[in-house]
Amino acid sequence: GNSVTQMEGPVTLSEEAFLTINCTYTATGYPSLFWYVQYPGEGLQLLLKATKADDKGSNKGFEATYRKETTSFHLEKGSVQVSDSAVYFCALKGRGGSYIPTFGRGTSLIVHP
Amino acid sequence: NAGVTQTPKFQVLKTGQSMTLQCAQDMNHNSMYWYRQDPGMGLRLIYYSASEGTTDKGEVPNGYNVSRLNKREFSLRLESAAPSQTSVYFCASSPTESQPQHFGDGTRLSIL
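One line per chain: the protein sequences are A and B, in this order. Just so you know, my numbering puts 22 at position 22 of the first sequence, and the rest follows in order with no gaps. Just so you know, my numbering puts 1098 at position 98 of the second sequence, and the rest follows in order with no gaps.
FYI, nobody ran anything at the bench for these hints, they're computed from the structure. Among the hints, a few may not be true.
Stated by the list, open to error - When the alpha-carbon atoms are kept at most 27 Å apart in a straight line, the in silico DSS-like pairs for lysine-lysine are as follows: (1) A:68 / A:52; (2) A:49 / A:77; (3) B:1071 / A:49; (4) B:1057 / B:1009; (5) B:1071 / B:1057; (6) B:1057 / A:49.
I would like the entire structure built from these sequences, with the hints used as guidance.
Below, the structure written as structure tokens:
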């Protein structure tokens, strides 16, 4: 079956530092890939997505590139802010018959001033 | 701009009691989902409904039932609550099965 593996947290950074959160996946075919963000006490919100190989999703300074050859979708941001502190989830949806969503376990990001 | 609305937001039950968690979306989405979120476990899919009139089991369906009442509403029922069902429950919807999901703010359920 499909699976998503993301780095364990918490990731602790100082404001303006560079962020990378690793995500790798296992799936048949060509899944769609997503990053969601969850702020304390809230539900998940879509942060960005990519639907085919070499696509780059971007939003609010965050980026992730769909790498088919390495089955990866790493999340990056050049300069984090305190307001980026949240839990980040990598996820996929398969295609061609199995659209059941699969989520990673989440990575907590803590940004200090 | 309601999106996905879940009720109640908080609930405390005693072991053996039953209750229904309600979810409604106003975005005319076809697909709806129920998840539970536990520390260190991420999100686990309980049941989903690809379209009105269909429901399917997810990863952890035991102890739960669902009803897709109409296109807008998808309820989750605990027939006989157990302490292991203490969790935060999220409802989500998506336009179609393949598209990203919109989540509600969750129901925090404690079972004593």
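Verification of the hints:
{"no.": "1", "hint": "A:68 / A:52", "in the structure": "holds (8 Å)"}
{"no.": "2", "hint": "A:49 / A:77", "in the structure": "holds (15 Å)"}
{"no.": "3", "hint": "B:1071 / A:49", "in the structure": "holds (26 Å)"}
{"no.": "4", "hint": "B:1057 / B:1009", "in the structure": "holds (24 Å)"}
{"no.": "5", "hint": "B:1071 / B:1057", "in the structure": "holds (18 Å)"}
{"no.": "6", "hint": "B:1057 / A:49", "in the structure": "holds (26 Å)"}
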